[in-house]
Amino acid sequence: MSDNPVVVGTGLTKIGRRWEDSLSDLFAEASRQAIEEAGIQPQVVFVGNMVAGELDGQEHLGLALEDGAGAFPLVPAFKVESACSSGGSALLAGYMAVKSGVYDSALVVGVEKLSEEPSDSITTALAEAADADFESYYGASFTSLNALLMRSYMKDYNVPRDWLSEIAVMMHKNAVDNPYAQLRKAITVEDVNRSRVIADPIRLLDCSPTGDGAAAILLTRPELAKGDVQVELAGMGVGVDTIGVNGRVSLSDVPATARAAKAAFSAAKIEPKDLNVLEVHDAFTIMAALALEDIGVVGKGEGAKFFHEGNAERDGKLPVNPEGGLKARGHPVGATGVYGAVEVVRQLQGKAGKMQVPRAEIGAFHNLGGSGSHAVIGVFKRKR
Amino acid sequence: MTVPRYWRNIGAHYRLEGIRCKSCGEVSFPPRSSCPKCHSKDVEVVQLPRKGKVVSFSLLRSPPNGFEAYVPYYVVVVELENGVRVLGTLTDVFGEVKEGMEVEAVFRKISEDGEEGLIHYGTKFRPIA
Ligand SMILES: [Zn+2]
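As you go down the protein sequences, you meet chains A and B in turn. Each residue of the first sequence is one higher than the one before, counting from 1 in this note's numbering. Each residue of the second sequence is one higher than the one before, counting from 385 in this note's numbering.
Hints are not guaranteed to be accurate.
Distance windows between CB atoms, simulated [unchecked claim]: (1) A/Ala186 x B/Ser418: 45 to 53 Å; (2) B/Glu452 x A/Gly296: 47 to 55 Å; (3) A/Ala186 x B/Gly467: 52 to 60 Å; (4) A/Asp56 x B/Asp476: 48 to 56 Å; (5) B/Tyr505 x A/Lys155: 31 to 39 Å; (6) A/Phe72 x B/Cys422: 29 to 37 Å; (7) B/Phe491 x A/Asp274: 51 to 59 Å; (8) B/Cys422 x A/Lys273: 34 to 42 Å; (9) B/Gly479 x A/Asn311: 56 to 64 Å; (10) B/Glu452 x A/Ser250: 26 to 34 Å; (11) B/Cys422 x A/Arg196: 53 to 61 Å.
Some chain B residues close to chain A (C-beta under 7 Å, calculated; not the full set) [as the list claims (entries may be wrong)]: (12) Asn393; (13) Gly395; (14) Arg416; (15) Ser442; (16) Leu443; (17) Phe451; (18) Ala453.
The set of hints was computed from the structure by calculation and includes no laboratory data. Every residue gets a Cβ at the ideal spot worked out from N, C-alpha and C, and that includes glycine.
In isolation and in its complexed conformation, chain A is listed as follows:
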């Protein structure tokens, strides 16, 4: 098997209401940064996106974005879609393309635009992550499906509401320092507990905001990389489960995440305790708690407590989402997985500025699609 791909360039756009920028503009902004830093051109592009077909009426998205951006010569480009984990899946495609030797370099861009539609259209589009015929048909929103898990989790493990609210508080605190974040505003537990109910027990401030944004990462073979500090994509894993929540045995864990973690950690030859930084898919506060458990950082029912005890802070036992996570950095759905990957890479490069965590040698990102149907985990290592 050939060497692991290394990261030679990354790019991020600020997440938010980017009314002046088209999907192609966002794609161009992130791609340009990654290509300029790398000093090499991509031979192939993988785009992570979920709803451009539904909301923008644009399929054939890879070429449409490349041509619409004009930021580099046209090369083969493909959209990769797996709901909210589209970005992570696009990175898997880039990883396979370079590691297999089929291409020397691959650009992975997650990009999404969600600010220009009314919120019920967004709710409807995001519900397409669920089973259209047997979940969305009955009026279940994506938030309500996650709420089913939150209620089960709190009951099964007797977890206080405030502990989940505290997760949102930590994410907002972290995002204050993040120039790319959508919500750079500190909040309190009371703010979360008093915010509007979306789908009980999930309240507005349990939810990540949907925004516009793009993130890019350029991979190549190690011998083609310039510069001395190299970060390698040491392993990736994907885990899956039923599309509908009714097919799951339990509603208080996400086995797809555990399967992804097992595969990724075995490929990267590490264990959860080796991680120095972790980006988890906290689309809802409950998902951050579950992710720590299913990834194997803590035991079942101990995820929320890990946050409560301060272990996930930037100077804690294992810093989690030091950039604010989906909750406060923002959740441009199909781009989210690539944001997580870029954030880990920049931590390992020592380029995270005020968000930098100490001793970052090994890090991982976690990206979840649907209400636990599809999980992607990628492990990055700093090469010395």
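Dock chain B with the ligand against the given chain A, drawing on the hints supplied.
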């Protein structure tokens, strides 16, 4: 939604039909052409039990398009008497909803596909008084 697509799912939506695998005995929902457990093609359509218990619930206040008139409404996972789980919504709720609450399947209008489209029907669950 197109008429053929609607028609294909009528058994599952109207009569709560699932499948039973003749190879391994697994009963599952929704109906598929193969058994999701052993992947045998030798499956038959069966009607699922109409009674069950609420496993988890969420009172939804921010609805997808077309469900505004029902807000707030309960989204639930129901475990039917044979152990098969179904996702649905509750109707005719007058008291408190709890995990373990007994419910029964009833035939109801679900939504309308615009002013001139199909009216969608299906199964909801109501508390057994
Ligand atoms: Zn079978």
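Hints versus structure:
1. A hinted range of 45 to 53 Å holds for the C-beta pair A/Ala186 and B/Ser418, which are about 52 Å apart.
2. Distance hint check: the CB atoms of B/Glu452 and A/Gly296 are about 42 Å apart, inconsistent with the given range 47 to 55 Å.
3. Between A/Ala186 and B/Gly467 the beta carbons are some 47 Å apart, a value that contradicts the proposed interval 52 to 60 Å.
4. A C-beta distance of roughly 41 Å is found between A/Asp56 and B/Asp476, which places it outside the suggested range of 48 to 56 Å.
5. A hinted range of 31 to 39 Å holds for the C-beta pair B/Tyr505 and A/Lys155, which are about 33 Å apart.
6. Between A/Phe72 and B/Cys422 the CB atoms are about 49 Å apart, so this pair departs from the stated range of 29 to 37 Å.
7. With their beta carbons about 55 Å apart, B/Phe491 and A/Asp274 fall inside the hinted range of 51 to 59 Å.
8. At roughly 38 Å, the beta-carbon separation of B/Cys422 and A/Lys273 lies within the given 34 to 42 Å, and the hint holds.
9. A beta carbon spacing of about 41 Å between B/Gly479 and A/Asn311 contradicts the range 56 to 64 Å that was offered as a hint.
10. Our hint of 26 to 34 Å for B/Glu452 and A/Ser250 holds, since their Cβ atoms are close to 32 Å apart.
11. About 46 Å separates the C-beta atoms of B/Cys422 and A/Arg196, a value inconsistent with the hinted range of 53 to 61 Å.
12. Satisfaction of the interface hint for B/Asn393 is found here, the shortest Cβ-Cβ separation to chain A being roughly 6 Å, below the 7 Å cut-off.
13. Hint on B/Gly395 is violated. Least Cβ distance to chain A is approximately 12 Å, over the 7 Å limit.
14. Hint on B/Arg416 is violated. Least Cβ distance to chain A is approximately 11 Å, over the 7 Å limit.
15. About 3 Å separates the beta-carbon of B/Ser442 from the nearest beta-carbon of chain A, less than 7 Å, and the hint is met.
16. A hinted interface residue such as B/Leu443 counts as satisfied when its beta carbon comes closer than 7 Å to some beta carbon of chain A; here the least separation is about 4 Å, so the hint holds.
17. Against a cut-off of 7 Å between C-beta atoms, the interface hint on B/Phe451 holds, since the closest Cβ of chain A lies about 4 Å away.
18. Checking B/Ala453 against chain A: minimum C-beta separation of about 10 Å lies over 7 Å; hint violated.
In this structure, the hints that do not hold are numbers 2, 3, 4, 6, 9, 11, 13, 14, 18, in rising order.
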